[in-house]
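There are 4 protein chains.
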Amino acid sequence: MNRRLRMGMIGGGAGAFIGPVHRFAAELDREIELVAGVFSSDAGRSLASAADYKIDPARAYPDLATMFASEAKREDGIDFVTIASPNHHHLPAARAALAAGVAVMSDKPMTASLAEARELAELIAQAGRPYALTYTYSGYPLVREARARVAAGAIGTVRKVVVEYRQGWLAGAADGKQAEWRVDPARAGAGGCIGDIGVHAFQLAEFVTGLKVTRLLADLAAVVPGRALDDDCSILLRFENGARGVLLASQIEVGELNGLRIRIYGDQGGLVWRQETPNELILHRIDGGTEIVRAGTAQIGPDAQARTRTPGGHPEGYLEAFANLYRDFAAVLRGAAAPLLPGIADGLRSMAFVETAVTASRDDAGWVDLIGEGATQ
Amino acid sequence: MNRRLRMGMIGGGAGAFIGPVHRFAAELDREIELVAGVFSSDAGRSLASAADYKIDPARAYPDLATMFASEAKREDGIDFVTIASPNHHHLPAARAALAAGVAVMSDKPMTASLAEARELAELIAQAGRPYALTYTYSGYPLVREARARVAAGAIGTVRKVVVEYRQGWLAGAADGKQAEWRVDPARAGAGGCIGDIGVHAFQLAEFVTGLKVTRLLADLAAVVPGRALDDDCSILLRFENGARGVLLASQIEVGELNGLRIRIYGDQGGLVWRQETPNELILHRIDGGTEIVRAGTAQIGPDAQARTRTPGGHPEGYLEAFANLYRDFAAVLRGAAAPLLPGIADGLRSMAFVETAVTASRDDAGWVDLIGEGATQ
Amino acid sequence: MNRRLRMGMIGGGAGAFIGPVHRFAAELDREIELVAGVFSSDAGRSLASAADYKIDPARAYPDLATMFASEAKREDGIDFVTIASPNHHHLPAARAALAAGVAVMSDKPMTASLAEARELAELIAQAGRPYALTYTYSGYPLVREARARVAAGAIGTVRKVVVEYRQGWLAGAADGKQAEWRVDPARAGAGGCIGDIGVHAFQLAEFVTGLKVTRLLADLAAVVPGRALDDDCSILLRFENGARGVLLASQIEVGELNGLRIRIYGDQGGLVWRQETPNELILHRIDGGTEIVRAGTAQIGPDAQARTRTPGGHPEGYLEAFANLYRDFAAVLRGAAAPLLPGIADGLRSMAFVETAVTASRDDAGWVDLIGEGATQ
Amino acid sequence: MNRRLRMGMIGGGAGAFIGPVHRFAAELDREIELVAGVFSSDAGRSLASAADYKIDPARAYPDLATMFASEAKREDGIDFVTIASPNHHHLPAARAALAAGVAVMSDKPMTASLAEARELAELIAQAGRPYALTYTYSGYPLVREARARVAAGAIGTVRKVVVEYRQGWLAGAADGKQAEWRVDPARAGAGGCIGDIGVHAFQLAEFVTGLKVTRLLADLAAVVPGRALDDDCSILLRFENGARGVLLASQIEVGELNGLRIRIYGDQGGLVWRQETPNELILHRIDGGTEIVRAGTAQIGPDAQARTRTPGGHPEGYLEAFANLYRDFAAVLRGAAAPLLPGIADGLRSMAFVETAVTASRDDAGWVDLIGEGATQ
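Chains as they are written, first to last, in full-length UniProt numbering: chain A, 1 to 377; chain B, 1 to 377; chain C, 1 to 377; chain D, 1 to 377.
Don't read these hints as lab results, they were simulated from the structure.
There are no misleading hints in this set.
BS3-like, lysine-lysine: derived pairs with alpha carbons at most 30 Å apart: (1) D:K73 - C:K54; (2) D:K73 - D:K54; (3) D:K54 - C:K73; (4) B:K54 - A:K54; (5) B:K73 - B:K54; (6) C:K54 - C:K73; (7) B:K73 - A:K54; (8) A:K73 - B:K54; (9) C:K54 - D:K54; (10) A:K54 - A:K73.
Simulated restraints, written as ranges between beta carbons of each label pair: (11) C:K54 - D:A99: 29 to 35 Å; (12) C:P185 - A:R274: 34 to 40 Å; (13) A:G301 - D:A222: 50 to 56 Å.
If you want the ones that stay clear, here's a sample from chain B, every Cβ over 12 Å from chain C, calculated: (14) L5; (15) A14; (16) D29; (17) D42; (18) D56; (19) T66; (20) K73; (21) G77; (22) P86; (23) A151; (24) G366.
Think of the CB as a built atom: it goes at the ideal place given N, C-alpha and C, for glycine as much as any other residue.
All chains should be built: construct the whole structure from the sequences, respecting the hints.
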């Protein structure tokens with residue numbers, strides 16, 4: 001199957017940030033093209049999005065049922081859907097796709113609750129169709145490099161992880177389409193900041209270290225007056241090997257834009273990566289030496305090198321990282337393996353993380369096992 | 001004309017860096033799609049590139065004549081070509097396109113010599129078809145912002161410009177497809193480093209200041225033993241308003257990747273932009289205050305904002321900057337204006353810059369008028 | 001009293017890091033000179049230090065009693081002592097000085113335990129002699145500037161504080177004079193990392209915000225096998241106005257040198273200072289603007305300006321910050337006020353912090369009131 | 001001679017920036033103490049400075065003759081003088097000191113002209129007393145480290161040097177004591193910016209590379225209207241081994257504080273040091289690797305290590321660098337060698353540099369030999 005894979009989009013209509021990002025990312029490598037979608041739950045707005053996306057208006061559908069039915073009849077029907085709608089739509093959208101035999105690429109979090117996630121995991125297992133989650137940051141070449149270096153022992157045994165995701169855009173009133181649903185429990189789920197960005201930090205920490213979080217202590221709060229969901233999260237972690245962790249996520253830190261950063265310290269070295277300067281990795285050795293590992297140089301291993309599109313010094317960023325996930329997903333659809341592509345396991349773990357943290361914080365429960373981990377589960 | 005514009009590519013086949021970049025950039029906004037090409041002067045390699053680019057093999061042509069003839073017969077024939085071949089091909093490729101009534105987007109430099117550039121300028125004028133040049137760096141949102149700020153008087157009257165373009169990849173032997181032609185006068189033209197990257201620095205300086213360079217003093221050298229073309233350039237500049245300038249370009253500075261940086265100082269402030277951290281601009285005021293202007297914040301003016309695709313903190317880079325030029329070019333093809341899109345004037349001035357500098361350096365001529373400027377021209 | 005003030009030193013003999021630092025700092029402004037000392041509990045080593053410090057060997061005393069007795073008899077006897085010995089010496093040294101009517105400048109922490117600190121506080125009150133603590137980081141000009149900006153409302157109401165103190169030098173075995181006593185409960189007290197550097201972070205957070213910590217949740221651990229005292233601390237904080245805080249201190253983060261950093265976020269802005277680049281302050285405004293406030297520019301307020309010794313761009317660092325505390329202390333000895341000089345209150349609060357955190361962590365007590373704060377005290 | 005060496009100061013009275021800096025630097029290591037001075041050509045102001053410096057008023061002399069005569073009669077008379085007055089005083093002050101048999105530490109430049117410098121060099125030779133120049137930046141530990149690394153072949157054969165010294169404080173009118181004399185040819189000499197800061201850049205380039213500049217091409221200008229001396233300098237260099245160089249110095253770059261930076265590229269690597277972040281050195285290898293060499297780590301060689309006073313991460317800066325020169329000078333006075341301490345040769349070369357550049361620029365002479373270098377000398 002050498003043709004371009006055909007993507008339908010669910011959500012992502014006018015005013016959305018993430019819809020166009022999915023389109024850019026999916027199409028960047030010419031493996032995939034956007035051909036159809038239900039871009040909004042409002043049929044008129046879905047239709048209007050056809051022009052924005054420059055697709056055939058006949059394929060901008062009013063609802064999921066119509067899309068899956070219509071596309072199934074076409075010879076050139078969609079191969080998969082991308083789910084870019086708010087969190088509470090993730091389960092019904094994925095369910096409809098899987099029922100239609102269509103593969104699914106979904107925005108994180110997997111669903112609006114852990115129970116939903118478990119339900120979806122079963123549906124996926126039954127359907128036997130590819131399913132992946134856009135934990136975008138794991139698509140950055142130097143995140144892959146960091147993972148490879150840790151796995152190769154560059155910093156020795158991991159002892160300490162500090163992962164932060166700092167934003168400030170919800171420090172004031174949550175106006176605008178991007179903000180509104182994120183602070184509404186009915187649409188976002190039980191987690192606010194933790195579900196929106198905390199899960200990215202969580203997934204990144206497990207991804208780079210190759211270690212699972214087993215316990216946590218969570219302190220979540222809604223700092224902005226009147227807010228129903230958390231907008232500031234401080235969480236202490238323990239990893240399966242005993243390593244200590246700190247996960248900080250906030251959306252009220254004025255001036256922070258998208259400050260995802262991870263520091264990992266082992267008994268032989270340390271490693272630092274920052275999303276806002278994504279093309280370099282700092283590597284400390286216990287002998288006092290410090291190396292800047294830069295994208296596009298001969299210092300980069302093959303996995304990260306293959307996910308870099310330009311020579312060193314030509315900055316690549318968020319869209320390219322996102323596109324790396326779609327490249328992996330396209331490979332899967334074509335029958336290849338993409339072991340680092342986030343999927344069901346990441347989804348379930350992230351939802352368990354959110355649910356554990358939200359519950360533990362609400363109950364002021366101190367240290368608790370991550371749901372699904374620990375002797376008591 | 002709401003359909004996607006159809007692009008043919010000239011050059012950019014297997015092993016090329018810049019071909020895929022053109023494709024990414026052209027298609028990013030879904031205004032354009034790559035449908036055809038003569039990807040190599042070797043017919044077999046051109047055909048082989050069809051698979052890489054996922055286009056119809058029937059449209060991977062063996063030569064320009066065949067492409068233009070065949071495409072002209074199609075209802076869905078190409079709207080324009082992108083020229084991504086080495087410098088000495090630029091003129092013949094553009095000539096063939098214009099003769100076929102096809103618009104042209106071309107890699108810089110415009111041609112291999114100023115005489116060729118002048119010839120091409122006339123052809124373009126006669127053909128009346130859109131023509132643009134991928135001076136990529138002028139596509140960065142914060143370069144647009146910098147230009148707007150200077151124009152609005154943020155730093156007062158410009159007094160001093162320092163523009164640097166630092167690379168180190170040609171510090172050793174020039175191996176590999178990317179390097180070989182760049183150090184060969186028959187393919188690159190009379191300028192080596194100056195034609196490859198010096199012109200970017202020159203265009204950027206004129207673009208951001210809105211001022212023309214009128215005189216220069218050039219010191220070019222081939223530092224690596226056995227090299228025929230310059231790989232290190234130090235050039236002093238004078239601008240039309242009397243402002244002083246320094247342009248440094250080098251390809252032998254080990255460790256520098258793609259270090260294009262510009263600093264502009266006026267009587268009221270200063271401004272710094274660096275391509276390797278492109279999403280911020282430093283703005284100094286004469287009162288001692290210093291501001292970091294960051295992409296995606298409310299501090300950014302409308303022109304730059306419109307060329308940013310993601311919220312602040314989601315790094316955008318080289319491909320997105322490149323895509324901004326294609327977006328402008330698509331607008332022109334659709335009949336709109338895009339006054340900041342580099343074109344003939346930039347091309348001619350850059351070629352005059354190269355020719356002036358190469359000649360002046362060879363003759364150790366001291367300060368000379370830029371060809372086309374000054375009383376003696 | 002226009003003469004230079006005369007300082008005696010306790011501890012700080014050969015091999016110590018902090019002894020010479022006290023000497024540099026005390027003498028920098030020529031307000032003070034080192035003239036005497038008990039540089040070691042070993043009389044021979046104390047005497048040997050006279051040469052290192054270039055003081056009269058007759059004034060390098062074998063013990064405290066001899067020093068205070070001998071100096072009291074001199075016309076040019078010491079005006080104050082600096083205590084630079086390990087923590088468990090702080091109380092006896094200060095007691096001896098106060099008994100001799102001599103003022104005291106002491107290394108932090110105030111003592112080895114809170115009980116000792118309270119005892120010392122009473123002795124100071126009785127003695128009526130000046131007493132100050134070298135919480136060095138509060139001496140940095142831009143820390144003073146940060147405090148002034150927060151107080152003036154630059155970031156609005158403080159909501160969130162993240163203060164980190166990252167080091168890596170104890171990631172391996174704790175060899176050498178500097179390391180040994182710090183990991184020994186008999187000499188360091190109940191806190192390891194928390195008493196050595198955590199208290200600096202605590203004091204800095206209260207100093208810059210002007211807010212008191214009232215509650216905390218502590219997770220301390222000895223990460224390096226075999227270590228008796230904590231070397232890694234994660235502590236959640238609540239401030240008196242309800243603001244949330246995170247305090248991270250570690251001595252096992254390989255590659256971190258002396259990474260003290262503070263971020264403070266309010267409802268109108270944010271502020272960042274990093275000790276390793278101490279001459280700038282980042283100030284974020286809620287309108288998306290970001291300013292770099294640089295030492296030595298006209299943007300700096302009078303208090304910070306007065307504590308800067310060179311023009312902007314001439315880096316000042318740790319010794320100058322330390323010297324600013326001595327300048328304040330000299331002012332106090334001469335009868336002036338120095339309201340920002342850390343003293344008894346900072347000492348007591350820091351000891352309460354250590355004791356609360358060590359106890360709460362050991363008992364896994366969750367959130368607890370800071371000893372001395374809260375309704376239950 | 002284990003006693004502290006006794007320093008007299010010439011110039012450096014009230015309002016001066018550099019006088020107190022000399023005092024801080026001289027006394028930091030307790031090798032030296034300031035005891036006397038002619039702090040101003042105005043006797044009353046000289047006397048008034050005694051209080052500022054806390055020295056015996058009887059030793060704040062009205063003129064040089066009185067100082068040298070009076071001090072010669074004392075048992076505890078001065079061992080050397082520091083010359084901190086404007087450039088045109090350097091020769092007469094040094095002459096008087098040498099005539100009195102007193103050693104000299106002098107501000108750069110050596111004198112106000114090359115002819116004067118040659119006269120002084122002869123006087124020094126005759127007097128046989130130590131003489132040194134405060135080319136402060138060569139006292140930074142990581143500048144010493146850079147020199148040692150280059151000498152050890154870390155970057156291979158030097159091919160290219162870019163040294164910049166950027167300031168902005170003279171972008172407006174030159175008000176205030178610091179500025180006035182620097183723009184006055186009668187006091188500063190023939191060079192403005194070039195004599196004030198350009199010589200630092202020149203000395204640094206020769207110091208770190210270990211190579212002599214043999215030819216140059218200079219373009220100096222007075223950018224600010226009405227200014228008599230240059231305030232902006234662009235100079236191309238050739239080194240004795242054929243390496244190419246660029247030296248940029250400016251005092252009109254608004255927002256630049258004290259931006260001295262050097263980049264050196266060889267055939268095997270590259271090296272970058274910046275005065276404003278002086279505690280790290282960037283080292284590029286031709287294999288694409290980049291190392292950050294940080295002060296106070298085990299990566300630092302013995303010479304730089306010995307000039308660092310605190311552990312890594314405790315920023316040291318300008319005063320400590322300056323003090324390193326005084327430490328070397330004290331060693332020389334005590335009979336030891338200090339081969340890296342700048343002295344007569346640096347002074348003569350710098351003056352030749354200024355004179356060559358000023359003359360060549362005025363005459364628009366193109367490439368010229370550095371006076372004293374080349375076949376024609």
